[in-house]
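Asks: The residues making up each chain are set out below.
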Amino acid sequence: MQETPPRKQSSEFTEAVQGRIAALRNSVAFQNYEQVRDHVLRMKDLEARRSETVLKPSAYWREELENFEYMLDAHPLIINKLRHHSHHVTGLRVYDYRSNKDSVRELLAEKLEVLVKMGGHDLLVPEPRDMGGFGFEIEGQLYNIDTLKFYEVLIAMQRSSVLPDLRKPADRKLVWEIGAGWGGFAYQFKTICSNVTYVIMDFPELFLFSGTYLKTMFPQARVEFFDHGSLGKLLGQWRDIDFLFVPNTFLDDFSPDQVDLAINMVSFQEMTSDQVRAYVERAHELQSPYLYSLNRDRSPYNHELLSVSKIIAERFLPRQIPVLPVSYPKMLNKLTKARGLRARLKKKKKKVTRPDYKHIVGCHRMTLNGRHIPGNTGETAPSLGLPPGRASE
Amino acid sequence: MNSPVVTVGIPLYNHAGWLAETLESLLTQTFSDCRFIAVDDCSTDDSRQVVESYVAIDGRLSYECNSRRLGMIGNWRRCFEVARERYPQARYFAWASDHDLYHPRALEELVGQLDNHPEAVLAYSSHLKISETGEPRGQGGWKFDTAGITSRNKRFVETTWRMSAGNMIYGLFRSDALLKVGVFRKILLPDRFLIAEISLQGEFRQVRELLWYRRHEGVFSLGRQRQSLFGLKQPWWAHIPWWISQPKALGWNLCVRGTGRPKVSRLYGFFYAIEYFFVSTVLHFARGIRRFQKRHLPRYIENAKEFFSRQSRNTAAGS
Numbered sequence: 000m001q002e003t004p005p006r007k008q009s010s011e012f013t014e015a016v017q018g019r020i021a022a023l024r025n026s027v028a029f030q031n032y033e034q035v036r037d038h039v040l041r042m043k044d045l046e047a048r049r050s051e052t053v054l055k056p057s058a059y060w061r062e063e064l065e066n067f068e069y070m071l072d073a074h075p076l077i078i079n080k081l082r083h084h085s086h087h088v089t090g091l092r093v094y095d096y097r098s099n100k101d102s103v104r105e106l107l108a109e110k111l112e113v114l115v116k117m118g119g120h121d122l123l124v125p126e127p128r129d130m131g132g133f134g135f136e137i138e139g140q141l142y143n144i145d146t147l148k149f150y151e152v153l154i155a156m157q158r159s160s161v162l163p164d165l166r167k168p169a170d171r172k173l174v175w176e177i178g179a180g181w182g183g184f185a186y187q188f189k190t191i192c193s194n195v196t197y198v199i200m201d202f203p204e205l206f207l208f209s210g211t212y213l214k215t216m217f218p219q220a221r222v223e224f225f226d227h228g229s230l231g232k233l234l235g236q237w238r239d240i241d242f243l244f245v246p247n248t249f250l251d252d253f254s255p256d257q258v259d260l261a262i263n264m265v266s267f268q269e270m271t272s273d274q275v276r277a278y279v280e281r282a283h284e285l286q287s288p289y290l291y292s293l294n295r296d297r298s299p300y301n302h303e304l305l306s307v308s309k310i311i312a313e314r315f316l317p318r319q320i321p322v323l324p325v326s327y328p329k330m331l332n333k334l335t336k337a338r339g340l341r342a343r344l345k346k347k348k349k350k351v352t353r354p355d356y357k358h359i360v361g362c363h364r365m366t367l368n369g370r371h372i373p374g375n376t377g378e379t380a381p382s383l384g385l386p387p388g389r390a391s392e
Numbered sequence: 000m001n002s003p004v005v006t007v008g009i010p011l012y013n014h015a016g017w018l019a020e021t022l023e024s025l026l027t028q029t030f031s032d033c034r035f036i037a038v039d040d041c042s043t044d045d046s047r048q049v050v051e052s053y054v055a056i057d058g059r060l061s062y063e064c065n066s067r068r069l070g071m072i073g074n075w076r077r078c079f080e081v082a083r084e085r086y087p088q089a090r091y092f093a094w095a096s097d098h099d100l101y102h103p104r105a106l107e108e109l110v111g112q113l114d115n116h117p118e119a120v121l122a123y124s125s126h127l128k129i130s131e132t133g134e135p136r137g138q139g140g141w142k143f144d145t146a147g148i149t150s151r152n153k154r155f156v157e158t159t160w161r162m163s164a165g166n167m168i169y170g171l172f173r174s175d176a177l178l179k180v181g182v183f184r185k186i187l188l189p190d191r192f193l194i195a196e197i198s199l200q201g202e203f204r205q206v207r208e209l210l211w212y213r214r215h216e217g218v219f220s221l222g223r224q225r226q227s228l229f230g231l232k233q234p235w236w237a238h239i240p241w242w243i244s245q246p247k248a249l250g251w252n253l254c255v256r257g258t259g260r261p262k263v264s265r266l267y268g269f270f271y272a273i274e275y276f277f278v279s280t281v282l283h284f285a286r287g288i289r290r291f292q293k294r295h296l297p298r299y300i301e302n303a304k305e306f307f308s309r310q311s312r313n314t315a316a317g318s
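From first to last, the protein sequence lines stand for chains A and B. Quick note on numbering that gives the first Met the number 0: the first sequence kicks off at 0 and runs consecutively. Quick note on numbering that gives the first Met the number 0: the second sequence kicks off at 0 and runs consecutively.
Do not take every clue at face value.
Here are the in silico distance ranges between beta carbons for each label pair [claimed, not checked]: (1) B:Ala316 <-> A:Lys100: 50 to 56 Å; (2) B:Pro297 <-> A:Glu65: 53 to 59 Å; (3) B:Gly137 <-> A:Ser298: 26 to 32 Å; (4) A:Asp251 <-> B:Gln138: 36 to 42 Å.
In silico EDC-like cross-links for lysine to aspartate or glutamate, where the CA-CA straight-line distance does not exceed 20 Å [stated by the list, open to error]: (5) A:Lys172 <-> B:Glu107; (6) A:Lys329 <-> A:Asp95; (7) B:Lys179 <-> B:Glu80; (8) A:Lys309 <-> B:Glu157; (9) A:Lys309 <-> B:Glu134; (10) A:Lys116 <-> A:Asp95; (11) A:Lys55 <-> A:Asp251; (12) A:Lys309 <-> A:Asp273; (13) A:Lys329 <-> A:Asp129; (14) A:Lys167 <-> B:Glu80; (15) B:Lys128 <-> A:Asp251; (16) A:Lys80 <-> A:Glu68; (17) A:Lys43 <-> A:Glu62; (18) A:Lys100 <-> A:Glu68; (19) A:Lys309 <-> A:Asp296.
Honestly, the hints are just simulated from the structure, not real lab data. All C-beta atoms in this analysis are idealised placements derived from N, C-alpha and C, irrespective of residue type, glycine included.
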């Protein structure tokens, strides 16, 4: 038997890897990443010249941002598997979706089945395999907790009659997502509502994920980054843009002539009350008819926040839309199958649980004599901002 | 005065705490060719102040207060009367609850349904029950309509068996059809009666999205409804079981008064009344059995189990 010399094998491997890296360096995804990185660096320069605002990253976020500082000089192999690295943003890891986890896969499949019964296949967008997309394979497609979370959000929007208008091909609509993470929801949303301009407002560092991902997944789309000049000028031509990335510190300059929906998922709960209020008030000033939120009222460790739903209620009439009886990170665990007399007998002993992440659709509130009306708490007229004494006249 | 397409009557009675949100959700409707008439049934809380503060900023809203308490039936009828007096040409009419929330596109969707389907007399949406604090109760999304059913008899039977009158009554009605069937009759469960009767006039269409958030307080009971429907002075006929009084009233309307003509002849009216009596009786007793199953049966089973286990323990101890 003839043995290959070990030295030659090693060199073949090295050559293969180097060849692969060179190919990846020339890939569209990596070129997109390099462009996005240039934009991000310019955005950081732009931010540095601005005075302090309430929207600077909190201590929690500063720590998070430091964890993926390496993304500022990422290797082509990292960009090739960008989704694997987005765990910094979303918390999902590829390890949890390996092929030997059949019991978890079954639970995810059960959850998907229940959701499909509610929302149909029309709104279902599976995880793409590009850029290291991962998940359990169910009926030939990849699904993970994020995929189902976004699907759940789309179902909530459909049920609350927010989505139908945005899906009409006639008028261009503007959707504003506050904190888009790795861009997963933007991808799903743009896939099912193609005639929208999707504005993402976030920490610039996060555009390394969302910007690169969306630019690669939608190669034909017009993608713009606000990193120089006037934001107003860029917003003047929003109808021709597919994705627009704006640093969060430019909230006050963000004034498009139309906003059709403002979205926040799982980041209001991490902010301070002032930060949440700044976004909610801006959405109200911009006459956004709806503000959608999927958040807990407050993260357990966040003591700087009053309550997300209460702050939303200051400017938008909140309606909570039920989709599943559990929060998005949890599985159904056969909850849905208990029926009949036997179930009723057992029900007494079972503690009723409610999801702590709430799908809230806020509808734009009126202003009364220039004053906003406080959220409803069953109070009577004096809470409406009427002059003292008038209520008893 | 130009007549709007839609008039909305808002019967008010002591819900000032939620009224501001309700009015806002109505005044911010995307369908704007409408007028809102709030009729106060002598509320003792701040309902008047709340409405007047909105009247000052939106001319489409008006406020009127009854000189004496009319009860729910009287007040609901008054809402329709005022709307017809002021805007006789308005094509559609709806009652809006003074403590519920409406989606901004609710009227737009419902008007679209009635505009696009001339055979429809009533359009309503799916709804979500919410608690006093706005928390959802259940999943919402109740489904029922008679869209596409051209047979009057089939429509009537479907409606009487499957209607959820308390929800459908807050839909958007074609004003003429509503007037023809006599609006709200002075009868127990008037909403059920109205929906059954108007089903003979045309189809019902439902929008499947959640466009209405219904705030629920307390549990339904006939005694409570009797009090709220008729106010302090309850007529003797309010105490006749509804499954007897309603078919009788339907027979009277269709056979004697001929309110269903020309679509429903007096002879057919007689048959509809008999049919209604049959369905109402079955439903009444079926509901009784269901209520027993739901509320009492589990308790009886638990007691029986306990009794037999005690017996078996005693027997074992004796032997």
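Asks: Would you mind marking each hint as holding or not holding in the structure?
Replies: Hint check:
Taking 50 to 56 Å as the suggested C-beta distance range, the pair alanine 316 of chain B and lysine 100 of chain A conforms, at roughly 53 Å. At roughly 57 Å, the beta-carbon separation of proline 297 of chain B and glutamate 65 of chain A lies within the given 53 to 59 Å, and the hint holds. Checked against the hint of 26 to 32 Å, the pair glycine 137 of chain B and serine 298 of chain A passes, with Cβ atoms roughly 28 Å apart. The beta-carbon spacing between aspartate 251 of chain A and glutamine 138 of chain B, approximately 40 Å, falls within the hinted interval of 36 to 42 Å.
Of the supplied pair hints, the one linking lysine 172 of chain A and glutamate 107 of chain B holds, its CA atoms being roughly 19 Å apart against a limit of 20 Å. For the given pair, lysine 329 of chain A sits about 14 Å from aspartate 95 of chain A by alpha-carbon distance, which is consistent with the 20 Å threshold. Distance restraint check for lysine 179 of chain B and glutamate 80 of chain B: the Cα-Cα separation of roughly 13 Å lies within the 20 Å cut-off, and the hinted pair is therefore satisfied. At most 20 Å may separate the alpha-carbon atoms for a hinted pair to count; lysine 309 of chain A and glutamate 157 of chain B exceed this at roughly 43 Å.
As the CA atoms of lysine 309 of chain A and glutamate 134 of chain B are separated by approximately 13 Å, the hinted pair is consistent with the 20 Å bound. Distance hint between lysine 116 of chain A and aspartate 95 of chain A is unfulfilled; the C-alpha atoms sit about 26 Å from each other, more than 20 Å. Between lysine 55 of chain A and aspartate 251 of chain A the alpha-carbon distance is near 13 Å, which keeps this suggested pair within the 20 Å criterion. The suggested pairing of lysine 309 of chain A with aspartate 273 of chain A holds, with an alpha-carbon distance near 13 Å, which does not exceed 20 Å.
The suggested pairing of lysine 329 of chain A with aspartate 129 of chain A is violated, with an alpha-carbon distance near 26 Å, which exceeds 20 Å. The hinted pair formed by lysine 167 of chain A and glutamate 80 of chain B fails the criterion: a straight-line CA distance of about 39 Å is larger than 20 Å. For the given pair, lysine 128 of chain B sits about 38 Å from aspartate 251 of chain A by alpha-carbon distance, which is inconsistent with the 20 Å threshold. Distance hint between lysine 80 of chain A and glutamate 68 of chain A is fulfilled; the C-alpha atoms sit about 17 Å from each other, no more than 20 Å.
Of the pairs offered as hints, the one joining lysine 43 of chain A and glutamate 62 of chain A holds, with about 17 Å between alpha carbons and a cut-off of 20 Å not exceeded. Taking the CA atoms of lysine 100 of chain A and glutamate 68 of chain A, the gap is near 32 Å; set against the 20 Å cutoff, the hint is violated. Among the hinted pairs, lysine 309 of chain A with aspartate 296 of chain A is consistent with the structure: their alpha-carbon atoms are about 8 Å apart, no more than 20 Å.
The structure fails hints 8, 10, 13, 14, 15 and 18 (numbered hints given earlier, in ascending order).
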